[in-house]
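**Student:** Protein chains in written order, with our numbering: chain A, 20 to 373; chain B, 20 to 373.
A few of these clues could be false.
Copies of the same chain are indistinguishable here, so a pair counts whether it falls within one copy or spans any two.
[Stated by the list, open to error] With a Cα cut of at most 27 Å, we get these calculated BS3-like pairs of lysine-lysine:
(1) 44 with 183
(2) 51 with 68
(3) 282 with 324
(4) 51 with 174
(5) 205 with 174
(6) 282 with 183
(7) 208 with 51
(8) 26 with 44
(9) 144 with 68
(10) 67 with 174
These are computed hints drawn from the structure, not numbers from a lab.
Spelled out, the chains give:
There are 2 protein chains.
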Amino acid sequence: MFENRQKRTELSELGEFRLIDRLTKSVATRQKSTVLGIGDDAAILNFKKNQVLLSTDLLIEGVHFDMSYMPLKHLGYKAIMVNLSDIAAMNALPTQITVGLAVSNRYSVEALEEIYAGMLLACEKYNVDLVGGDTTSSTSGLIIAITVLGEAPQKNIVKRSTAKSGDLIVVSGDLGAAYAGLLLLKREKEVFEKDPSIQPDLEGYTYVLERQLRPEARVDMVERFADLNLNPTSMIDISDGLASEIIHLCEESTLGCQIYEEKIPIDPQTVTVAETFNMHPVTCALNGGEDYELLFTVSQSDFEKINGQAGFHIIGYMTDTVSSKNLISTSGEAIPITAQGWDGLKNKETTRET
Amino acid sequence: MFENRQKRTELSELGEFRLIDRLTKSVATRQKSTVLGIGDDAAILNFKKNQVLLSTDLLIEGVHFDMSYMPLKHLGYKAIMVNLSDIAAMNALPTQITVGLAVSNRYSVEALEEIYAGMLLACEKYNVDLVGGDTTSSTSGLIIAITVLGEAPQKNIVKRSTAKSGDLIVVSGDLGAAYAGLLLLKREKEVFEKDPSIQPDLEGYTYVLERQLRPEARVDMVERFADLNLNPTSMIDISDGLASEIIHLCEESTLGCQIYEEKIPIDPQTVTVAETFNMHPVTCALNGGEDYELLFTVSQSDFEKINGQAGFHIIGYMTDTVSSKNLISTSGEAIPITAQGWDGLKNKETTRET
Numbered sequence: 020m021f022e023n024r025q026k027r028t029e030l031s032e033l034g035e036f037r038l039i040d041r042l043t044k045s046v047a048t049r050q051k052s053t054v055l056g057i058g059d060d061a062a063i064l065n066f067k068k069n070q071v072l073l074s075t076d077l078l079i080e081g082v083h084f085d086m087s088y089m090p091l092k093h094l095g096y097k098a099i100m101v102n103l104s105d106i107a108a109m110n111a112l113p114t115q116i117t118v119g120l121a122v123s124n125r126y127s128v129e130a131l132e133e134i135y136a137g138m139l140l141a142c143e144k145y146n147v148d149l150v151g152g153d154t155t156s157s158t159s160g161l162i163i164a165i166t167v168l169g170e171a172p173q174k175n176i177v178k179r180s181t182a183k184s185g186d187l188i189v190v191s192g193d194l195g196a197a198y199a200g201l202l203l204l205k206r207e208k209e210v211f212e213k214d215p216s217i218q219p220d221l222e223g224y225t226y227v228l229e230r231q232l233r234p235e236a237r238v239d240m241v242e243r244f245a246d247l248n249l250n251p252t253s254m255i256d257i258s259d260g261l262a263s264e265i266i267h268l269c270e271e272s273t274l275g276c277q278i279y280e281e282k283i284p285i286d287p288q289t290v291t292v293a294e295t296f297n298m299h300p301v302t303c304a305l306n307g308g309e310d311y312e313l314l315f316t317v318s319q320s321d322f323e324k325i326n327g328q329a330g331f332h333i334i335g336y337m338t339d340t341v342s343s344k345n346l347i348s349t350s351g352e353a354i355p356i357t358a359q360g361w362d363g364l365k366n367k368e369t370t371r372e373t
Numbered sequence: 020m021f022e023n024r025q026k027r028t029e030l031s032e033l034g035e036f037r038l039i040d041r042l043t044k045s046v047a048t049r050q051k052s053t054v055l056g057i058g059d060d061a062a063i064l065n066f067k068k069n070q071v072l073l074s075t076d077l078l079i080e081g082v083h084f085d086m087s088y089m090p091l092k093h094l095g096y097k098a099i100m101v102n103l104s105d106i107a108a109m110n111a112l113p114t115q116i117t118v119g120l121a122v123s124n125r126y127s128v129e130a131l132e133e134i135y136a137g138m139l140l141a142c143e144k145y146n147v148d149l150v151g152g153d154t155t156s157s158t159s160g161l162i163i164a165i166t167v168l169g170e171a172p173q174k175n176i177v178k179r180s181t182a183k184s185g186d187l188i189v190v191s192g193d194l195g196a197a198y199a200g201l202l203l204l205k206r207e208k209e210v211f212e213k214d215p216s217i218q219p220d221l222e223g224y225t226y227v228l229e230r231q232l233r234p235e236a237r238v239d240m241v242e243r244f245a246d247l248n249l250n251p252t253s254m255i256d257i258s259d260g261l262a263s264e265i266i267h268l269c270e271e272s273t274l275g276c277q278i279y280e281e282k283i284p285i286d287p288q289t290v291t292v293a294e295t296f297n298m299h300p301v302t303c304a305l306n307g308g309e310d311y312e313l314l315f316t317v318s319q320s321d322f323e324k325i326n327g328q329a330g331f332h333i334i335g336y337m338t339d340t341v342s343s344k345n346l347i348s349t350s351g352e353a354i355p356i357t358a359q360g361w362d363g364l365k366n367k368e369t370t371r372e373t
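The shape of chain A in the complex, shown without the other chains (with noise of 0.2 Å):
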């Protein structure tokens, strides 16, 4: 749909290791923790006093993109900021990332390099280290296997399961618009297949489509929260829908929730696209998934600290009750939240069905 693809070589000219040469050759290192990155067995890293963050995050075509309209490059950025995601979720710096590859013969060693180019991009923007990997073919399509370190002070580390009743429930920025993006791309995509003489026609919707296609993980949340002197009672990042990931919180926090619809911060361009496909706004924030927004929850006695505060939107409070998980609808109904969220495993039984 969107390919431009001017040189081709194949994979098998250059072999694994004349591979990973080409890929890795514009890598560069900027973290102070990272001693040694690229070329040995292993990478070798020093973080002293500050506690490390792992973690991990299979991408897989076909499951969780479509390459027929995610540009390459996109992806690879997308692919970093999913895990950097994780680690600004515990309220931590990430700092290294190595990457797994396997790709189909489908895909030519310039195809590999716009993936590498956006991932290099993203590691550009958020001062984080490439520091190993693995590239290898696979069977079918393209996989991509990233993880993530991170550090920080364990002062400053922000579990799921530390929210205490009566905590204010915080969310980082709007949620739904990935999805919206998403449900805009399949829409066109259909377009294409019937009559590929027809132009895609999003205009209008850059807002939405950026969700989608380059989202940004909040990294920045964290020097925010340093700012403010403020320590989340509890955090997740948002991957899989506000729904599932308030019902994690709730459930490692053995807590319940009362969230109020009318709180859930929703873009008008997502409104315009839900209701464009008859679908409620809050469903797409409720269920969507991608926004890699924040989701957590402060003490009442730090109300003062983001009241007011751009891009911060209470959405409720987290009860003692755990048994009950409730949305209060605008009519004030109190409606029982359930995870229909993003399922690897589910994926063709739930909304989205990439």
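We have chain A already, so just place chain B on it with the hints.
**Tutor:** Using the frame of chain A, we list chain B on its own:
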């Protein structure tokens, strides 16, 4: 070929979160450096004064393994060994792993539990903590992405790039056996495919089959080096065959080498199998791969420390002639060493055609 599945639970019956719960319910943590394992956005680790080693590997069905002769539990075990071997090759102890699994619906929950059982057995034996992961569906087959962390005092870490001219080249055990085992398994698979009533004829080949199906990483060598007060000057693990690895050591250290054919340690069972397949046993050692022995260099002044020690085989020495990497044959001929080892991208063209 060796399959025996009694109960089959479909992956879609559980969904991602319940599957992860089920697979990880028996995961224990043992390492002092593990502060928090599975269950949050990231694991929390604390390495204090030691440096951290980080490595990652992808294993793809149909490229790196063949389910028709690889028992699931062995596959899990081997997947961990492949990674621990990279940490041992830095003269460091492995501490944590993360496991990414992508599976098609061909696999049942019980099949994944078997793989996990093998992984956890490996973790227990090597005192390694499984601290995180990702489980998702794939469009075809099974993909295993493992990242391993390890630790060591800075002064102990051994890189590839630090060999000196005149250093002795040493191997920690015999070579070529894993490849001999693969040759046998592939032959029996062919026989089985032609006539499923014929049972595999693998008697008398336990050693080479174990080397292929259930290798051990040489983590024990890290302790052995400490006991002998021996600091290798450079080191790499033999995953792609001796030829490929010695070229890595030479190129990273900007040196050449002389290796003596008669000194290369090869088990008699490997010799028997190689001859059955009309191959020179040394070819199995040079190009076979998957031995997971350590290839390292030591200063000549340390000769007495390893001379006569069981399991250490001095096979040659490093030279300052960068352009010259030679195998000296039994007849005294100098044969340039070329890398024809396992290449995940070119595998169709190499001796390994899994």
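**Student:** Look at each hint and say if it fits the structure.
**Tutor:** Verification of the hints:
no., hint, verdict
1, 44 with 183, "between (48 Å within a copy, 26 Å between copies)"
2, 51 with 68, "both (13 Å within a copy, 15 Å between copies)"
3, 282 with 324, "within (18 Å within a copy, 71 Å between copies)"
4, 51 with 174, "both (21 Å within a copy, 18 Å between copies)"
5, 205 with 174, "neither (44 Å within a copy, 55 Å between copies)"
6, 282 with 183, "within (21 Å within a copy, 67 Å between copies)"
7, 208 with 51, "neither (44 Å within a copy, 51 Å between copies)"
8, 26 with 44, "within (19 Å within a copy, 49 Å between copies)"
9, 144 with 68, "within (25 Å within a copy, 29 Å between copies)"
10, 67 with 174, "both (15 Å within a copy, 15 Å between copies)"
The structure fails to meet hints 5 and 7 from the earlier list, while all remaining hints are met.
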